[in-house]
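One-letter residues, chain by chain:
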Amino acid sequence: MKKILNSSIGFLIIALTFASCNNGDSSKSNSALSSNAAEKVYVAPGQHDEFYAFISGGFSGQLSVYGLPSGRLFKVIPVFSQDAEKAYGYNEETSPMLNTSHGFIPWDDSHHPDISQTNGELDGRYIYINANNTPRIAKIDLTTFETTEIIEIPNSAGNHSSSFVTENTEYVVAGTRFSVPIPQKDMSIKDYKGNFKGALSFLKVNPDNGEMSIKFQILMPGFNYDLSHPGRGKSHGWFFFTTYNTEEANSLLEVNASQNDKDFIAAINWKKIEEYVNNGGGTKMPTNYAHNVYSDETHSATSTMIKEVLTINPIDVPGAVFLLPTPKSPHGCDVDPTGEYIVGNGKLSANLTVHSFTKMQDAIANKKFDGDAYGIPILKFEDVLAGSVEQPGLGPLHTEFDGKGNAYTTFFISSEVVKWKLGTWEVIDRKPTYYSVGHLMIPGGNSAKPFGKYVVAMNKITKDRYLPTGPEVTQSAQLYDISGDKMELLLDFPTIGEPHYAAGCPASLIEGNSKKLYKLAENKHPYAAKSDADTKVVRNGKEVHIQMTMIRSHFSPDNIEGIKVGDKVYFHVTNLEQDYDVPHGIAMIGANTSELLIMPGQTETFIWEPKQVGVWPFYCTDFCSALHQEMQGYIRVSPASSNLELSWSLGE
Amino acid sequence: MKKSNIIMLIAALLPLGLFLFPLWKITLEAPQYPTPLGMYIHINDFSDANPFDIKNINLMNHYVGMKYIPDAIPEFKIFPIGIILTTILGLIIAFKGNYKWFLFWFVLMIVLCSAGLYDFYLWEHDYGHELDPKAIMKFTNPDGSVMGFQPPLFGSKDILNFKAHSYPRLGALFLGLGIASAFIAFLIGKKKTIKS
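Residue numbers (our numbering), protein chains in the order written: chain A, 42 to 693; chain B, 579 to 774.
What the hints contain is simulated information worked out from the structure, not anything from laboratory work. Hints are supplied without guarantee of correctness; some may be wrong.
As the list claims (entries may be wrong) - Cross-link-like lysine to aspartate or glutamate pairs, in silico, EDC-like; alpha carbons within 20 Å at most:
#1 B:Lys716 x A:Glu671
#2 A:Lys421 x A:Asp403
#3 B:Lys633 x A:Glu693
#4 B:Lys633 x A:Asp573
#5 A:Lys556 x B:Asp626
#6 A:Lys81 x A:Asp522
#7 B:Lys712 x A:Glu671
#8 A:Lys556 x A:Asp620
#9 A:Lys369 x A:Asp302
#10 B:Lys633 x A:Asp302
#11 A:Lys560 x A:Glu539
#12 A:Lys256 x A:Glu316
#13 B:Lys712 x A:Glu693
#14 B:Lys741 x B:Asp623
#15 B:Lys645 x A:Asp573
#16 B:Lys633 x A:Asp522
#17 A:Lys560 x B:Asp626
#18 A:Lys557 x B:Asp626
#19 B:Lys633 x A:Asp620
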């Protein structure tokens, strides 16, 4: 206890030293700002940004799309949280996306987006992103910028070391932060040690459509699996996971999980395990998890419950899993573009530790082990160490690479980004952040080919950087130019939720593939009305299905009678437009969901349950044309006992 | 076969290019359409310059009460027949006829094309002026007369917020070359005959 007290006082003193040092730097960067930073981020009206940045929304559960270098927000893609603006998770078509084994979960905590790769380079087809709280991985299709798949991860909790992809997008991983009983059971929490397990899930990706399926889960010792990165180049076929709480404490972890001088990076040879699985290895375990898939043809999602998962005991596959001692409670786990260096940022360590893949291979070949943990061989620290960056700052978290032999590491406690050189381990430059930076992102960061022009730092605290908005101030990211020897702060820009991590790529990878509309002819929604002739209202007991169309500037039908109190009225609305950027909306007074925002060629559905007799209006919610305000209609609601037949009309 | 007859043969065949390439194109530019709306006019049909352009032209034009551009107008049945017949006639002349017949075919084509253009003008005039009396928006000219929205027969013209362009395309070039070739065939044929 005393030791910890001492070390935190030590931190404070160093933090103060660094803080005063930062002040000096910031005045310098202010003068740089007055020179040409504004020009460097200025994207003239009508011009496009050079990069897309996909910044996770953290506790908002979403993914936001920004342009770099301007920092302009283009879209918030709803992923794990309902979004009334787009009806995501409210309409009948997308509600199944949020189905889980725990039922409908309309929120999550989204952390790490990663762009799909081909041959180690970004291909701009999909983004994968994890949900921490109720473990899930989502796929976002970058032709539509819509979430098209969500898979739940069983036997997992706090799905944090996710969702990074291997260099040909063979796999997306989902590592558990919290170890739990597997299978879940009613047991004493005190019996954690030795009984809880950490599941590292490998999700196979279908190369044609990006769809995921859980190929296998490795049931690891009950540590906390914090972050992960795939090997690449020479280390392709391996995956690396940082761990903390190798003490396997179950209470007051801030103290009890900070006792060991070294925790581990778990190195997993997934190719070896894949081979083992393909030869019939592993144990099938009963479980229950949801796999939700959205179709661009039916404009609808289906949710399927899967009852089985293949589990692997790591000691059954000798030579596949090793532990690399890494000081101290390492957080980030980052692999350089060549695949040689594995950076373990010990967040309580004074130094940055870098492991060598080549040395690791040698140590494994020579069986230079330093004991084992639950049968998993532990390598010797000195045998795998490539080098360390001495006292670069306080609280190292994450590292990205510029592809020119430099690495950039964030320091949470000293609020800065430090640039250092791979191989020589010397610090080249440091710049303050505002404040308490978590992740940073260089476009192409998790690939063999980073685009080392900018780095985006994502901060946890904003305080005085913007106009105040009450106790909750905006979240923020900062953009630095890293094209020169010294970094230059160019821009602060606000973000949604917590900007946890981001993925970026050149706009040219995505821009040209962007879908402009859905072809009406290809609409296979079961309740689509593809022309006014297809519109109808059908009663089925207390359910009424309205198949309605919308086009500038009317609904068809726009007058409906024969609805009764107590009915469950389904509005199935098809947007007949086939023009880019002409969605229409529809909202119904008293509807208990949200409006619909329907893209050209799409069909969406919401439910309205009228509770009062009367004539009630509905209208278009998206300003669509000169006659948007006229785009409206009425529904007559009669008493439950009424015998009024259903009727509907347009232009009568 | 004489040189002039060979040229006449080519002249008769060239208009068939109309079945391969569009005759005309009308383009509508406006600020809110960064990719202008456009439609091609073929010998037998309209087609989109970009997917769904005609649908979107119709959607926009209905504000001022213009008719929907029809899937087919009667002329689209007559024009192809006309071209096939004149080609057959041209071929007969190329094989059987002398230079005087070349001139006849040339004049015939000029007359038919002028009639076609006039018909096109009438269609455009009707399309731009015969507006739905219940139209949402009504515009008048400075002199008080009802504003028409007729696209230009040839050239460019401002119509409200749009700039309309109307120009011939490759099919028209084939037709024009065919007609011109017939005249060349006539001149060569005449020269040869007079010399001999």
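Going through the hints against the structure:
1. B:Lys716 x A:Glu671: Judged against 20 Å, a Cα distance of about 17 Å means the pair holds.
2. A:Lys421 x A:Asp403: Roughly 11 Å separates the two Cα atoms, so the pair holds.
3. B:Lys633 x A:Glu693: 24 Å, violated
4. B:Lys633 x A:Asp573: Holds: B:Lys633 and A:Asp573 sit about 15 Å apart, inside 20 Å.
5. A:Lys556 x B:Asp626: 19 Å, holds
6. A:Lys81 x A:Asp522: 9 Å, holds
7. B:Lys712 x A:Glu671: The hint holds at about 15 Å.
8. A:Lys556 x A:Asp620: Holds: A:Lys556 and A:Asp620 sit about 12 Å apart, inside 20 Å.
9. A:Lys369 x A:Asp302: 6 Å, holds
10. B:Lys633 x A:Asp302: It is violated: about 70 Å lies between the C-alpha atoms, which goes past 20 Å.
11. A:Lys560 x A:Glu539: 36 Å, violated
12. A:Lys256 x A:Glu316: 12 Å, holds
13. B:Lys712 x A:Glu693: Measuring from Cα to Cα gives roughly 15 Å; hence the hint holds.
14. B:Lys741 x B:Asp623: 23 Å, violated
15. B:Lys645 x A:Asp573: Between B:Lys645 and A:Asp573 the Cα gap is close to 18 Å, so the pair holds against 20 Å.
16. B:Lys633 x A:Asp522: Between B:Lys633 and A:Asp522 the Cα gap is close to 47 Å, so the pair fails against 20 Å, i.e. violated.
17. A:Lys560 x B:Asp626: Holds, at roughly 15 Å.
18. A:Lys557 x B:Asp626: 16 Å, holds
19. B:Lys633 x A:Asp620: 9 Å, holds
Of the hints listed earlier, those the structure fails to meet are numbers 3, 10, 11, 14, 16, in rising order.
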